[in-house]
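Protein chains in written order, with my numbering: chain F, 1 to 596; chain A, 1 to 155.
It is worth saying that the hints were derived from the structure and are not from the lab. These figures come from a predicted structure and were not determined experimentally. Where hints are given, some of them may not hold.
[Claimed, not checked] Cross-link-like lysine-lysine pairs, in silico, BS3-like; alpha carbons within 27 Å at most:
#	chain 1	residue 1	chain 2	residue 2
1	A	102	F	177
2	A	46	F	592
3	F	566	A	102
4	F	177	A	152
5	F	324	A	152
6	A	46	F	180
7	A	79	F	131
8	A	46	A	111
9	F	131	A	102
10	A	100	F	324
11	F	180	A	10
12	F	497	A	46
13	F	175	A	152
Below are the chains, spelled out letter by letter.
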Amino acid sequence: MENIISLTINGIDVSVDRGTSILEAAKKINIRIPTLCYHEDLCVAGNCRVCVVEAEGYRTLIASCATPCEQGMKIKTNTPKVRNARRDLIALLVSEHNTQCTTCYRSTNCELQALASEYNIDNDIYMSILKPEHLRIDKSSWSIEKDDSKCVRCQRCVRTCSELQHVNAITVAHKGKDMKISTFMDLPMNEVVCVNCGQCVIHCPTGALTERRYYDDIWNAIGDEKKKVIINTAPSVRVAIGEMLGYGPGASVTGKMVSALKQIGFNMVLDTNYTADLTIIEEGNELLMRLKKALVNKEEVALPMITSCSPGWVKFIEHMYPDKLAHLSTCKSPQQMFGALSKTYLAEKMGIEPENIVSVAAMPCAAKKFEANRPEMKSSGYQDIDAGLTTREIGHMIKQAGVDFKELIDSDFDSLMGDSTGAAVIFGATGGVMEAALRTAYEIITGRDVPFEKLNITPVRGLEGIKEAGILIDNCLPEWNFLEGVELKVAVAHGLKNARIIMEQIEAGTSPYHFIEVMACPGGCIGGGGQPIPTNDDVRKKRIKAIYDEDAGKPIRKSHENPEIKKIYEEFLVDGPLGHMSHKLLHTHYTKRNRY
Amino acid sequence: MPHTKELVEKLVDTYGRSRESMLPILQDIQRTEHYVSDDAMVEIAKQLDISTADVYGKATFYSFIDTVPRGKYVIRVCKTIVCEMHNKSGIIETLENLLKIKIGETTLNRKFSLLYTNCLGWCHMGPAMLINDEVFTDLTPERVREIIAIYKNKN
Ligand code: SF4
Ligand code: SF4
Ligand code: SF4
Ligand code: FES
Ligand code: FES
Numbered sequence: 001m002e003n004i005i006s007l008t009i010n011g012i013d014v015s016v017d018r019g020t021s022i023l024e025a026a027k028k029i030n031i032r033i034p035t036l037c038y039h040e041d042l043c044v045a046g047n048c049r050v051c052v053v054e055a056e057g058y059r060t061l062i063a064s065c066a067t068p069c070e071q072g073m074k075i076k077t078n079t080p081k082v083r084n085a086r087r088d089l090i091a092l093l094v095s096e097h098n099t100q101c102t103t104c105y106r107s108t109n110c111e112l113q114a115l116a117s118e119y120n121i122d123n124d125i126y127m128s129i130l131k132p133e134h135l136r137i138d139k140s141s142w143s144i145e146k147d148d149s150k151c152v153r154c155q156r157c158v159r160t161c162s163e164l165q166h167v168n169a170i171t172v173a174h175k176g177k178d179m180k181i182s183t184f185m186d187l188p189m190n191e192v193v194c195v196n197c198g199q200c201v202i203h204c205p206t207g208a209l210t211e212r213r214y215y216d217d218i219w220n221a222i223g224d225e226k227k228k229v230i231i232n233t234a235p236s237v238r239v240a241i242g243e244m245l246g247y248g249p250g251a252s253v254t255g256k257m258v259s260a261l262k263q264i265g266f267n268m269v270l271d272t273n274y275t276a277d278l279t280i281i282e283e284g285n286e287l288l289m290r291l292k293k294a295l296v297n298k299e300e301v302a303l304p305m306i307t308s309c310s311p312g313w314v315k316f317i318e319h320m321y322p323d324k325l326a327h328l329s330t331c332k333s334p335q336q337m338f339g340a341l342s343k344t345y346l347a348e349k350m351g352i353e354p355e356n357i358v359s360v361a362a363m364p365c366a367a368k369k370f371e372a373n374r375p376e377m378k379s380s381g382y383q384d385i386d387a388g389l390t391t392r393e394i395g396h397m398i399k400q401a402g403v404d405f406k407e408l409i410d411s412d413f414d415s416l417m418g419d420s421t422g423a424a425v426i427f428g429a430t431g432g433v434m435e436a437a438l439r440t441a442y443e444i445i446t447g448r449d450v451p452f453e454k455l456n457i458t459p460v461r462g463l464e465g466i467k468e469a470g471i472l473i474d475n476c477l478p479e480w481n482f483l484e485g486v487e488l489k490v491a492v493a494h495g496l497k498n499a500r501i502i503m504e505q506i507e508a509g510t511s512p513y514h515f516i517e518v519m520a521c522p523g524g525c526i527g528g529g530g531q532p533i534p535t536n537d538d539v540r541k542k543r544i545k546a547i548y549d550e551d552a553g554k555p556i557r558k559s560h561e562n563p564e565i566k567k568i569y570e571e572f573l574v575d576g577p578l579g580h581m582s583h584k585l586l587h588t589h590y591t592k593r594n595r596y
Numbered sequence: 001m002p003h004t005k006e007l008v009e010k011l012v013d014t015y016g017r018s019r020e021s022m023l024p025i026l027q028d029i030q031r032t033e034h035y036v037s038d039d040a041m042v043e044i045a046k047q048l049d050i051s052t053a054d055v056y057g058k059a060t061f062y063s064f065i066d067t068v069p070r071g072k073y074v075i076r077v078c079k080t081i082v083c084e085m086h087n088k089s090g091i092i093e094t095l096e097n098l099l100k101i102k103i104g105e106t107t108l109n110r111k112f113s114l115l116y117t118n119c120l121g122w123c124h125m126g127p128a129m130l131i132n133d134e135v136f137t138d139l140t141p142e143r144v145r146e147i148i149a150i151y152k153n154k155n
């Protein structure tokens with residue numbers, strides 16, 4: 001059988017591998033075919049038929065996303081027949097849609113709106129059959145809003161939750177005209193196994209699934225004279241927010257972002273990277289402590305230790321592996337460490353009453369909203385983080401404020417809690433926490449730099465689902481002699497599908513690792529559920545590159561060398577990493593939840 | 001619900017734990033319980049190690065699997081166009097009067113439920129309806145009264 005298929009599309013010759021769809025073949029020669037249910041991250045569903053094309057000799061139109069190329073096919077993508085069919089399909093979708101673009105959060109970033117406008121659906125060809133019972137919006141979750149009246153039933157969300165995340169919190173219920181996207185028994189989103197990752201949101205073509213938005217509260221706080229509104233920005237926000245403000249994917253706009261946030265009225269613009277560095281110190285020490293307990297004291301400790309900075313992942317393990325919570329590091333995420341310190345250390349140093357501080361986090365993440373509202377996250381005596389906003393919400397705020405983003409002059413983060421290292425920036429990409437931890441832990445143990453060129457631990461970088469590395473520890477400092485000759489084995493997983501593989505190993509007792517990094521979202525935070533839409537592998541790679549470029553450009557690239565970190569251990573967390581103060585402010589505990 | 005748990009466990013022993021067993025298990029529960037309760041769905045999810053939403057999605061896809069309690073005798077009247085044109089609405093009206101329930105409802109004694117169904121393939125003898133697995137055709141209000149009288153006397 002021939003493995004190369006030749007065909008023509010709109011008269012242009014193209015050759016592709018067997019199995020390539022007509023849609024992909026067209027893309028190869030820069031012919032765009034409109035799609036709706038198709039997403040490059042997901043398996044093909046072929047249910048919307050918006051991508052139909054004409055093929056010579058075929059009686060009916062064919063769905064280009066779901067049809068593999070065949071030898072000698074003659075495809076036409078834009079004939080009147082094709083255009084009419086598409087227009088009809090889109091008009092039908094609009095007829096059952098709660099078309100409220102003027103007030104819709106996804107307006108100007110909506111695939112249905114773009115199609116309707118491209119196909120000039122300017123009159124009511126079909127009577128509206130919008131169902132009144134769909135007008136109820138589910139706002140039960142801290143993180144996710146579900147509005148069935150804007151759903152086109154493409155099932156991208158269901159495929160995402162199942163294929164990428166292995167959560168299956170949502171499903172396709174009923175059939176035909178009654179078909180809808182539903183949770184188990186149509187329960188509210190906050191009562192099911194949804195982990196709030198927001199991946200369904202960034203894969204939804206319309207405004208049917210969105211993050212719950214809190215920026216109006218923040219505008220009010222900014223307007224309140226008594227309040228000091230401070231914001232910390234996560235590493236992956238700076239390499240993605242540009243996409244909402246006129247830049248292409250992969251633009252690093254840190255300085256402009258800081259300027260914009262100052263201009264719109266935040267009293268202090270600080271860096272989550274600072275507490276990312278702090279996380280490394282605490283988590284690195286926790287790992288070494290666990291190893292020591294296991295190897296020297298022969299105590300029962302949970303190894304491998306697994307990172308805990310991704311709140312979607314934390315809720316996932318709480319639901320799916322409630323008996324394995326001891327494996328999670330007790331460290332809070334950088335967001336929550338920041339919150340706790342902002343209303344204690346920072347308040348004290350700056351002479352601000354903690355009750356007047358509104359602590360906001362700019363995050364690539366939908367699950368951070370849920371995390372901020374976890375009942376235990378009040379270790380400062382107040383709610384540590386008042387609101388976690390997504391990159392998209394921050395982008396909207398900048399637009400709402402009328403800031404001309406591209407013309408801004410760069411500024412630096414404020415201080416305290418604004419200094420950070422290259423090790424913190426890379427938290428934004430899958431593998432980054434591991435790399436940062438190894439840079440510090442290896443140096444604590446041996447007194448030397450990690451044995452990788454320019455500190456770049458390349459085996460843990462990139463988009464492969466599960467990455468592994470082993471580092472042989474030799475010539476230890478005396479205190480760490482028990483690690484002499486040990487090969488420290490680590491793994492990195494991103495996307496909960498891969499997290500499940502890691503956890504099945506642990507359940508089976510076959511996990512060969514000491515330390516594992518897990519991020520809920522494919523690609524890590526740069527691909528988070530709060531990031532600009534679209535996000536796909538091409539975009540992920542560009543954002544990742546921007547992250548590593550930021551790291552390479554930083555004068556300090558190891559967390560333990562951050563001068564502000566040294567300072568906080570001298571002035572505030574005086575009993576050191578894992579000490580009493582850290583325990584109170586920087587560590588947490590987890591909750592067993594139901595899997596079914 | 002110990003009863004539900006045992007029932008599902010028994011069915012899993014018969015049909016196995018693979019995903020494909022889900023449908024026969026659902027069908028058996030429907031047969032014995034007249035509907036699949038949320039407890040039963042949770043138990044199936046546990047036993048097959050799949051999500052509860054997946055079980056719900058599958059159960060709601062099939063018209064002949066119910067996720068709300070139904071009566072012992074489920075009456076399904078064809079609502080498709082041929083029967084519609086042969087006085088389906090008269091049939092419905094008669095049934096609603098006889099049973100004192102509306103379409104979609106179940107009698108208080110849990111004996112009858114009244115539902116619509118799509119074409120039953122008996123268009124040439126419409127209007128048609130099903131009571132559980134039995135088909136009744138060429139319906140008239142009089143015939144419906146006779147049929148229901150018989151069922152009312154059944155256990
Ligand atoms: S989902 Fe899209 S088409 Fe629908 S109201 Fe929102 S912007 Fe308009
Ligand atoms: S937020 Fe994540 S877990 Fe929740 S429904 Fe969406 S994809 Fe599934
Ligand atoms: S919620 Fe969004 S992704 Fe899911 S089916 Fe509806 S439109 Fe598609
Ligand atoms: S995009 Fe091809 S069928 Fe939906
Ligand atoms: S239309 Fe009623 S049985 Fe076919």
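Hints and how they fare:
1. 102/A to 177/F: Cα-Cα ~22 Å, so holds.
2. 46/A to 592/F: It holds: about 17 Å lies between the C-alpha atoms, which stays within 27 Å.
3. 566/F to 102/A: Cα-Cα ~74 Å, so violated.
4. 177/F to 152/A: Between residue 177/F and residue 152/A the Cα gap is close to 34 Å, so the pair fails against 27 Å, i.e. violated.
5. 324/F to 152/A: This hinted pair is violated, its Cα atoms lying about 56 Å apart.
6. 46/A to 180/F: Since the Cα atoms of residue 46/A and residue 180/F sit roughly 24 Å apart, the hinted pair holds (cutoff 27 Å).
7. 79/A to 131/F: holds, 20 Å
8. 46/A to 111/A: violated, 31 Å
9. 131/F to 102/A: holds, 21 Å
10. 100/A to 324/F: violated, 55 Å
11. 180/F to 10/A: Violated. Residue 180/F to residue 10/A sits at ~32 Å, over the 27 Å cutoff.
12. 497/F to 46/A: The given pair, whose Cα atoms are some 19 Å apart, holds under the 27 Å limit.
13. 175/F to 152/A: violated, 33 Å
In the structure shown, a violation is registered for the earlier hints numbered 3, 4, 5, 8, 10, 11, 13, in ascending order.
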